[in-house]
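Please build the complete structure, drawing on both the sequences and the hints.
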Amino acid sequence: MKWLSRWGEGAARHPVRIIVGFVLLLVVLGGAAGGAGAAFSNGISLPGTDSQKAADLVSERFPAQAGDTATLVFASDAANALQQPGAQVSAVEQVLARVRTQPEVAAVAPLQVSADGRIAYTTVQYTKVAADLEPSSLKRLEEAQTVAARAGLETSLRGPVVNQLRERAAPVGEVIGLLAALVLVTLLFRSFWATVVTLAAALVALMVGVVALTVVAGFVDVPSVAPTIAVMLGLGAGVDYALFVVARFRDRLRAGDDPVRAAANATGTVGVSVLTAGAIVVISICGLYVTGIPVIGRMGMAAALVVAVAAMTAVVLVPALLRLAGRRVLPRAERSVPLAGAGTVPVASPAAADAAHHSWAARLAVLVARRPWTWATAVIVALLALASPTLNLQLGQPDDGTRPAGDTMRTAYDRLAEGFGPGFNGPLLVVADLRGSADRQGAVRKLSDAITRNPDVAAVGPAQANATGDTAVLTVIPRSAPQARATSDLVGALNEEIAPDALAGTGARAYVGGATATFDDLAARVAERLPLLLTVVIGLSLILLGVVFRSVLLPVVSAVLNLLSIGAAYGVVTLAFQTSWGTALLGVSQQPIVSFVPMLMFAILFGLSMDYNVFLLSAVRDERRPGVAAGTAVVRAVGRTAGLIGTAGAIMTLVFVGFVADGETEVKMIGLGLATAVLIDVTLVRLVLAPAILEVLGERAWWVPRWLDRRLPHVAPVGH
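First residue of the sequence shown? That's 1 in the UniProt record's numbering, and the numbers climb one at a time after it.
No lab work stands behind these hints: they were computed from the structure.
Keep in mind that the hints are not guaranteed to be accurate.
Said to hold, decoys possible - Result set (DSS-like, lysine-lysine): computed pairs, CA atoms no more than 25 angstroms apart in a straight line: (1) LYS446 - LYS2; (2) LYS139 - LYS128; (3) LYS128 - LYS53.
On a predicted model such as this, the values are computed, not experimentally measured, just so you know.
Next up, the structure:
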C-alpha cells in the first residue's frame, strides 16, 4: 500500500515526534484510567435465561442482598466441639462479633453447625458487589479468623468476595514471555539494538493496550479474567508484529537502502501483512459478540483492543525506532559493510538469499514437494488423532473443589461438603415472583412442598420474602455435587416441571438461579451460538484473505488448516484436564472444560493461525516471478520465512505456556490450548502441510475469476 509506505517514511523522518506522541498518548490514557474508576467483575450476565431473570429479581427486590458474600468456615478435630460451650465456640463468637462491625458488612448470618458438631460456617453479606470492595475487606476477614485459629480451629474462606479480592499470583506468564522473547530475538538477530527495538515496541503496545482497557472498564463491565487474556495476547502479538517489521528493515539495509528508505519499504511490505494479520485476529475475536453472551463478548473486546494496538504500534512506532537505531540493528560484523546503493529489487543480499534457499527448512520443503500427498496425509492423520479426544469433551464450570489442595477456597469447599453434604456447595436459588398471585403465602407453600418432595433434593430452606412481600427466595440444596449431571437435571426439572406445576393457577412464576443454574444456561447458550460464531468468523476471514491475496482457493485452504490446528488444541486441552495422567502432569483435579473456553479459543486461534499463514503466503507471493515455478516459489518462501516464523511462534508459545501457571482454571486452559495450537501451526502446518497443499495446487492456488478480479480492491504491498 502506497499510503502505508509513505507513512513509514514519514515516521522514519520524524522519529522524535512519533515517540513523543506515544508518550503523550500514555499520559492521557493514564490520566483517564485514574479518573475512570475501573472495576473488573466476575459476574456473568445471560439475557433472556431463567437464571438471569432470577438474578435480576433478587437484585431489584432485595437491595440489601444485591451485594456479594463471603463464607467463613470453621473445622475442629473433636466431635461436638462447636455445639458445646468451650474455648472454640467462644473463639468463633468473637470472630463473628468482629466481622459484624467491619465496614461494608450488611449482615452476618447465624452460625450453622454440622450434625457431628465438627464443622460450622456463617455467611457474611456485604453492601457492595465484590468488584467494588477494597482488598482490605478480605484482609479484615482473615485477621478476624486468627482468633479461631489460635483456639485450634482450622479456618477457611470462600465466596465471591474471597475470589475477587484474594491476592493474585506473581505474573509468571509475563515474565516467562519476556525472557523467552529476549533470548530468542537476540539469537535470531544477533544484535542488541534489534532486540531493544522489538521488545520496546512490544512493551509500549502492551502498556497502551492495557491502560486503554482500564479506561474502557470504567464505563463497561469487563470480566476480571479479561486483563490476563489481554496481556497474554498483547505480549505475544506485540513481539511478533515488531519482529517481522524489524526483520524486513534489516533485509533492506543489507540490500543497500538507507534507514529511511528501509523503514518505508518495511512498512509498505511487511506492514501490509501485519495489518492484515491483526485485522483477522480482531475480526475473529470481535465475532464473539454474536454469541449474545456479554461476558464472552467483552473478553473478546479486551483481547481485540490490545492486538489492534500491537499492530498499530508495529507500523507507527517501530519505523521511528528503527530510524534512530539505524544500521546498529545489524550484527556488528555487517555494520561496516558499505552501502551497495539504494535499490528496490533484491530483498536481501545474494549470500543471505542463497542461504535461505538452501536452509534446512528449504531442504525439508523440497522433500515435501517430492511427495506432497504422502506428507499431507501423514500430518492430517496426526492432527485428527490429536483432535479425537475432543469427542469426549465435557463442558461445565470448575468450582472450588477443583482448586489445588491447601487453597483456602478448596479447604472451605471440602469441609462444607464433609459437614453438610455434596450439594451444599452448589445451592439453587428458586426465586418466586408473586406480584400476580392473590394468595402469596399459599403459592410459596405449594412451591416449597413440591420441591421438598423431589428425591434429588436434600433440603429446602425457609422462604425469604422481601419487604413488600411480592418476591420470595427458596434456597434448595441438591443431594448431588454442583458438577454432577443429576444437579443439572434437577435444575431442568425445577424450571420445566416442578415450579410450573406447583404454581399453576396461582398467578405466580418462579425462576431457578444460583451458580449451577447460571453455568448450565451458559453451556446451553454456547452450544446454541457456536455455529453462528463459526460462520461469521470464517466468512469474514475468507473475504479478507481473498481480497489481500486475490485468490479463491487460498482462503478456503487456510481456513481448513486453521480448523485442524484448533481441533488438535481442543484435544490436548481435553486430555490435560479430563484424564488422570493429564491432570497429574498439571497438578490439577479432573474437571470439565469451562463452558466459554472452546468458543474463546476458537476466535483467538483462528486469528492467530492466520497470522503465520499471511506471512508465509506473502513470502510465496514475493517469490512468484516470471520464470519461477510455483513449487520453487514455495520452497524459497519456506526457506526464507522458517526462521522468522519459527522464532515468532516459539515466543508466542512460551508466552502462552507461562500462563498455564496462572491460578485461574480458565486461564490455564486457554494458555495450554493457545500454546498447543501455535506450536502445531508453526511446525507441522507451516513447514509441512501448507507447502504440501500449495505444491499440489500449483498455480491453481492463485486462481481468481476475471469478473471477481476486476471488482476486488488492490491492497498489494509496495516496495519490493
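Status of the hints after comparison with the structure:
1. Restraint check for LYS446 and LYS2: not satisfied, since their Cα atoms lie roughly 74 angstroms apart, outside the 25 angstroms limit.
2. For a cut-off of 25 angstroms, the pair hint linking LYS139 to LYS128 stands: about 16 angstroms separates their Cα positions.
3. Restraint check for LYS128 and LYS53: the C-alpha separation of about 20 angstroms stays at or below 25 angstroms, so the hint holds.
Hint 1 from the earlier list is the only one contradicted by this structure; the remaining hints agree with it.
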